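K.L.:
Spelled out, the chains give:
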Amino acid sequence: MITVEDWKARLECEKATDLILELFDKIKKSKLNAYITLNEKDALNTAEKFDQGKLKGKLAGIPVAVKDNITTKGLRTTCASRMLENYIPVFDAHVVERLKDEGAIIIGKTNMDEFAMGTTTETSYFGVVRNPYDLNRVAGGSSGGSAAAVAAGETVLALGSDTGGSIRCPASFCNILGLKPTYGLVSRYGLIPYANSLEQIGPMASNVDDLALLLEVISGKDERDSTNAGIQFRFKPEKYKNKKLNIGIIQEMSGNDDVMSKFYDAVDAIRSLNVKISKISFSSLKYALAAYYVIAMGEASSNLARYDGVRYGFTLDELDSWPRFFSKVRAKGFGEEVKRRIMLGSFVLSAGYYGKYYLKALKVRTLIIGEFKNAFKQFDLLISPTMPSLPFKIGELADPLTMYKMDVNTVPINLAGLPSLSFPIGFSKGLPVGMQIIGNYFEENLILSFAKRIEDELKDTLT
Amino acid sequence: MINKETIFYVATLAKIEIDDKEAEKLKNDFEKILEYFNILDEVPEDVEPTFHVLPLYNVLRDDIPKKSLSQEEVLANTRHKEDGFFKGPKIIE
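Line by line, the protein sequences are chains H and B.
With my numbering, the residue at position 163 of the first sequence is 163, and numbering never jumps.
Just so we're on the same page, my numbering is the position in the second sequence counted from 1, plus 463.
So that you can see chain B by itself, here it is in the shape it has in the complex (with noise of 0.2 Å):
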């Protein structure tokens, strides 16, 4: 069901690299990890998903000006930077 195709197109799915190696070992975790997931298929259809635990309910706050991080702050963990904004990768190729 699963073959090394399928991890490389995952792969692509989450944005992470792999060789070959990798992608024959992730092929063994996933149909041993995913057979096991073959339980829910037991599971009735006729149940509602619970997506929040707690009855949710909007969360309103004052509406008071806070001062927030400064431009220096935000990019201190960044070496991509330029004239105070984040320099990214470009888009397209």
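This is chain H alone, in the form it adopts within the complex (with noise of 0.2 Å):
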């Protein structure tokens, strides 16, 4: 990992052309897979404007990578599908014209589950991320390859997108830190969609002031995304410096023993920091797997049938009928985990079953929200683990279903629109272990100014 403090030291007495082609050399030998492409000529010219003085900004100089969900004028943007092998988009993401305004180094598109549906980046139509800490397993999903790449030190920083636990479980995964904003805290304009009501972008990185860093940069006002709440974030940890937390750990979310011991630790060391800590229960997170998959599967295959093969996209040479066409590229496009979630959520939604599946899936929405709003009233912030288990083998979750169920933890914090960062607090069996804080609505600022007093204190302990 390398942290945007260590990046800027060696900017003082190197150039940033040289350190950028020393960080795309060690990309190009890795065996990690995390990129999809790499944005090599126009990162060395802008590492050049930087040795020559003229690039400003907050993140002048330092290396972002960008998931490929996230459009990139004139760089390929894939979403790591068929779909979009040769699409190469004709405008920035809000996220992106913000990190270009202030100064960074957008190094290449990142490896991710097929139009980040998956937890495992094993959906990727270019191939599965590894996991740094064993090659065997995964990193995790559907951000791996943002997350395998902050770990291993081939980006400083990077962008991920969050829609049932995407930026959080590789996190988890990877040993760094993932934060899934409040929902309209960041922009979606250039995000390509999966499930509006859900997702957010967010940002990953190696430490809490890196992390807060770049959500100073991407946050705020932005008129092209409807749902923009125009909240501008500052990290101001001083403000929460002598505050006594309450904090709750929820019972609901939960996982195996390897991680529950480790969570457990973690608990035990906290107690430490001027905090109370006590148990909650929700009735309500039963339900919310079922109804996370309903809605993100109904809107998928909404959202999805813009892949006509006409304005962009994979394509046929004959244009033949319009039905016969479109079945015919979209099952050439698509990989099997996007049919199987389009297919499903067009189900969900048809006539006779909305009632049953998608109404309802829509009452647990206002049943979770209710259920965090009570919490928040009594406590600051909420804490379980992120993933129920380690980072898994590769292939060993086959069955969907199964993959599903491993975002048990996530998802509720997507259906209720709030904060959650994962945050890692050491190893069991050698992998990583990540602890999930959330918070109520656009409270970033505590979940991270608690998280930085975890860092500054209990770094040695946390291993």
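Worth flagging that the hints you see were computed from the coordinates, not collected in a lab.
These numbers come from a predicted model, not from an experiment.
All the given hints hold, so there is nothing to weed out.
Straight-line distance between alpha carbons at most 30 Å, and here's what the computed BS3-like set of lysine-lysine pairs gives:
#  : chain 1 : residue 1 : chain 2 : residue 2
1  : H       : K26       : H       : K56
2  : H       : K332      : B       : K544
3  : B       : K529      : H       : K221
4  : H       : K452      : H       : K244
5  : B       : K467      : H       : K405
6  : H       : K393      : B       : K495
7  : B       : K467      : H       : K332
8  : H       : K58       : H       : K26
9  : B       : K544      : H       : K328
10 : H       : K31       : H       : K405
11 : H       : K100      : H       : K31
12 : B       : K467      : H       : K356
13 : H       : K29       : H       : K429
14 : H       : K28       : H       : K100
15 : H       : K49       : B       : K530
16 : H       : K452      : H       : K239
17 : B       : K530      : H       : K221
18 : B       : K484      : H       : K356
19 : H       : K41       : B       : K530
20 : H       : K41       : H       : K58
21 : B       : K530      : H       : K58
22 : H       : K405      : H       : K393
23 : H       : K56       : B       : K530
24 : H       : K373      : H       : K236
25 : H       : K405      : B       : K488
26 : B       : K488      : H       : K286
27 : H       : K49       : H       : K28
28 : B       : K529      : H       : K56
29 : H       : K459      : H       : K279
30 : H       : K332      : B       : K490
31 : B       : K484      : H       : K328
32 : H       : K452      : H       : K377
Once you've looked at the hints, go ahead and assemble the two chains, each given alone in its own frame, into the complex.
P.N.:
If you want it as structure tokens, here you go:
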């Protein structure tokens, strides 16, 4: 891992162009498969501007990797799908404009599950991302490339997206930090959609300060996303420095023994930080996973209708008749998991089933939001293990439903639209474990201030 | 409850061509996953659905003309184009 501070220290005495060349060299020799497309020429040009003293901003000269479902002008954006294998966007996502405005060097586009549908990066058309701590295991998903790249020092910072845990899961599996911001804090303009009502772009980094810095850059007003809250994040850890925090452990968000023993070690360590910790139970969480998948698949079936082989994306030479052409393009362009989700989504939204599945799922959202609101009357923050298991072996989760169930701790956050951080708390059997720290709406400052306290005071305890 | 005919019908709705082998696999996946979704039957009816997590309000912007994408840019990612237009498949057979 490379921190912003480390990188800046090297920039003091070395040329940015040399450092970027070194980074590309490392990526090309890597076995992780974290990147789909490298932005070599443009990154070197930007580095040269830095060397000439022409690059300014909060991220001047700092390498950032961008998940490949975030639109980058002139730089191939595939969503890890054959459908977009040759797609070159003609505009930048809001977050990419912000990175460029602040002088970041965009290193490349990171590998992910196809259209962000997966928990392991195994659904990528470009192959699985390997875990830097064990090459036979997955890096987690869907933002697996971004997490692995940060963990292995193949970038300094990275952007991911989180629809049901896609930032937090790989952050946990790769021993880094990943934040799913409050719904509406970061503009989704230019994020290729999977399930609009659930997803957010978020920062991934190796420490709290770096994560907060990236969130400062990407948050804020953007009129091109009608769900954007127009709120600008500013990190102010001093505000909460001496606050006695009331922290709740959510009983229904659990894990296997390997995870829970590490989690409770961390809970014991945290007790020394002027906090009161107690348990809380949520009765609606048993519905969360089913509700999440119904909503996500429903939204996916509608969102991915745009891939018609006419305007962009995978196509066939012969235009044929509309239903046949459309059905053939999509049969060849989409992978198995994407097809499964589009079809299940079409099914749950079809006549006769809407009330049974979709409407019920929306009611679950109301119940879950209500329980979180109640919990935040009593608690400042809520915690749980991020993932119920250690990183899986590649190929271990062959059955779709078994894979879906691994999202059980992360999806309730997206249903409620809350912010949540995955924070590394050390290793179990040599593999990383993450703790999820959940805050009330737009309480990113409190989450990150608390995380910074853990980082500053318990770094040597949580190993 | 789910038979292969249903799977082929859903594939028509979703506009994805599938073969018999895929339909068989999807049938099994559907059965398992939909059975799991049945837990939603327990959810009480008298709860308002949530469509948006944040209170929605009209976001208005100033009515100032801005540059939009050029025709060339819009057509840059397709080979099905003619005279500055997209060229689509026949709607009516």
